[in-house]
Amino acid sequence: MTATRSAPAIEHAGGGRRGALAPGLLPLPALASLAAGLLLLPALALAQPGNPNPDASAPTAVSPGSGRCGVCHPTERVQFEKSQHAEEGVRCTSCHGGNDRSLEVASAHGAGFRGRPARKDVPALCASCHSSEARMRPYNLPVDQHALYQTSGHGRLLARGDTRVAVCSDCHGAHDILPPKDPASRTFTLNIPRTCGACHGDSTLMKQRGKPDVFRLYMGSVHARELYDRGNLRAPTCVSCHGVHGAAPPALGDVDKVCGQCHTAERRYFMAGGHYRARSGDDGPECASCHEAHTVQAAQPERLAGSCAQCHAKDAKTLALGRRIWTDYHSAADEVEKAAALTARADAVPLQTDDYRARIEEARTYLREALPAAHAVQEDVVAGFTTRARSMGHEVQSEIYGKLGHLRQRKFVLILFWFYLLLTLLVLKRYRDQGARKGSPDRP
Amino acid sequence: MSATRPPDPNGRASWVDWLERRINLSEIFSFLTHFGFVITPVDTSRPVREVLREVAETPVPKYASGPRVLGLLTAILFALEAVTGVLLAYYYKPTPEAAFESTRTIVRDLPAGWFLHQMHAWGAWLLAAVVVIRLLRLFWDGLYRAPREVLWWTAVAMVWLVLQLDFTGRLLTWDAHSYWATVRGMEVVFALPIAGPILAFLLGGRVVNDDVLIRFYALHVMVLPTFYAACVYFTFATLRRVGLSPAPEGRPEATTTFRDHLYTMLMLTVGLFGVLVTLATVLPFRFLSAADPYVTPGGVRPPWYMLAPYATLQWLPVPAWL
Amino acid sequence: MSAPRERAAPATGEPATRRRFLTWLSRAFLGLWGLGAAGVVGAYLRAPEHREKVAGHLVSAGLLDDFKIGEGRLVRHGVSPFYVVRLDAERVVALSAVCTHVRCIVDFDRERRVLVCPCHDGRFDLAGNVLSGPPPRALPTYAVSVRAGEIFVHL
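Protein sequences, first through last, are from chains A, B and C.
For the first sequence, counting from 1, position 368 maps to 348 in our numbering; every step adds exactly one.
For the second sequence, counting from 1, position 207 maps to 237 in our numbering; every step adds exactly one.
For the third sequence, counting from 1, position 82 maps to 117 in our numbering; every step adds exactly one.
It is possible that part of the hints are untrue.
In silico DSBU-like links for lysine-lysine, alpha-carbon gap of 35 Å or less [what the hints assert, rightly or not]:
1. A:391 to A:409
2. B:123 to A:391
3. A:318 to B:123
The hints are simulated quantities; they were obtained by calculation from the structure and are not laboratory data.
Whenever a hint applies, use it, and build me the whole structure from the sequences.
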């Protein structure tokens, strides 16, 4: 009941007039306090301290989460009421201290009142609950976020006294914290790039720090296209590569491990190939050398020349290797696509093509495998797949051409048929003439 | 075609005599004459062989030639359509889900299915052309005057029926082109004043869906062919009454025997069959993919015979309330 | 039938037999039309059950004894290829070989007894469940029966 009654009170606090209809629903003591409240509220709304409230204990403006704080802090109250914390029974006082049962500013903001926590204190404040195994166990939530945060780039700077770094509330929100599976949450997959981009897309801030505007770079990548254009929630966001609470750029030697989380086959071939063997320590080619770090792009023939030339500019033979692999792959893909187009032609005849489709699917599987195999930067490894795909494409093509050739045989049979038909006409004509000859003179 | 076989020359006892002793074959044969296919009346008290001989020697005008052949072709082609149509109906399933699949099964997977399908399609094409040309020729030669009004109105009805058969049959394959051709054709039909709403009611609505498909199927395989057969009967029966159309002016009426006429007709049928087989093999009708009510392929237009009413409607100031 | 021919004028017995032969021949010739029509229509009307259907419901995957224990074999069957894996002396399972992610054909890893998709490293166990990787659904499994030593898969 208290929760429902608090609604008109809020409207009064905002100066609304509709609340005047509500008193009929309220018990008498409430009416009395409302009458007093109507006079006092404009003053309360300005949060002027020191207003005496004679009827402070009347439960008119309380709610389980925000207590009576919402009387003076309606915006925060509305935000907080929607949050996961309010749902789980966390109160204003859990973070801010003070007394939420008092409408008197002096006592409400009295003993143990923390006010707005300082930025440097935020992680520790959140950790007071979120690092407690006992408190988090019912929710099956991890408790290592604070420890992880301290290892992150953000946490290390904060420890050094730089408060212009992300703390818990910058990513999760202060009052309106939602679980990450909620699409409205700042930490929902689709919103993560923008959440990080609030700082990492702020070019003035990043310029001060001497960092690139990685948000804009990311938005140009194949990952962002997959995430936003195709709505694939499995596509990687910032946290997929940098970590969540322990966010930090991966070490140079670790890039292939990070990318290899998803691109397993690519990493396997990469590690078997010459590029990996050529690495000395943390120096040497890794994923981002060709694909870029944030502007991740698929290898394209027009990009190959540039990225290979970074290291192989003097060695023309090696420089051409990328293009040769690419040409090999595309000629095989062309064969398979030609076979697929021919299948469509056979379908229009129509011929039975289920078996051809199955084989084209198989050939396409080889082609898809050839792309990861290219990361071994060895022609024969790629050719192992492209040759198979190409020969399957050839096979299907020749078989369909064979069947279409049967259709041409139909036309040959048609010529034979016409011979037969003309003979039949001759026979019939002979019958007719015979009948006419014998019919008229002989028979009566 | 046993009626056309010449009697056994050596007078040996044949199966005809054997059967004659048990059944009155001439009476059975006379059903044909009553139906109108044979020119002379038949004396059912005489043995069938004599009757046949008599019929065979009946002098008839030479009508399996010149413009008169058109009337014969309408009957022959209809017979072909009936036979192939029945065979196709054995495998066809008139539901939107199965229509295209079953047609493709007939054309692709069944032995000789493609042949029957193409024969049916090309036969329909030729039949539509033949009935229209026949109507034009009847009009041109003034053959709609008394006592030939029945023939004229029958010819008009046959044109209408064939066009409807073509229109309903086109939808049945349920491939993208046939579906959208039907949708556009239906729009033309429904835009007609007065008749449009009535047709929309009879065809099960303005949206081409499963209701319309099953009604088209029923019309195509049951209703319309029955009417067409009735028209053929009316034509033959009236011909017996009023005689064949007169020979072109200035030329004597050539006469021949009925046997001669039957052989000529048989040769005509064989020739026509050859033409159809050639068309079906060399220029087969193609399939697109299955119809998708939400994707319109390019290049779809109403069937050719719909173009005239379509163009007319574009010009006619049809009041909006219709 | 006594109508004289230009070329068959002189003889008496010979032309008669020749004419009869000609008559017989032309009748046989016309009869071929009937035979042809009957053949075409008969082939067309033969009930579909007698034909081998591509999407057959029961597919033979070979003899049980040809499979070693733990061996998996890809059966190429139309657009739905599948694996047949012999688990032990008696049990045989059949799973679709088409990955539920982007329709690649999965490989069988005999050591680990999993199916691995070569495209994006999706892994399935032999009950079809997704173990790891991007596939959104489990692989469909098919019922298997062994009759007289031969493995049949019910699709």
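Query raised in the report: When you check the alpha-carbon spacing of residue 391 of chain A and residue 409 of chain A, does it fall within 35 Å?
Result: 27 Å, holds
Query raised in the report: Going straight from one Cα to the other, do residue 318 of chain A and residue 123 of chain B come out at no more than 35 Å?
Result: 34 Å, holds
**Report entry** Agreement of residue 123 of chain B and residue 391 of chain A with the hint, judged by alpha carbon distance not exceeding 35 Å
**Finding:** Since the Cα atoms of residue 123 of chain B and residue 391 of chain A sit roughly 30 Å apart, the hinted pair holds (cutoff 35 Å).
Checked against the numbered hints given earlier, the structure satisfies every one of them.
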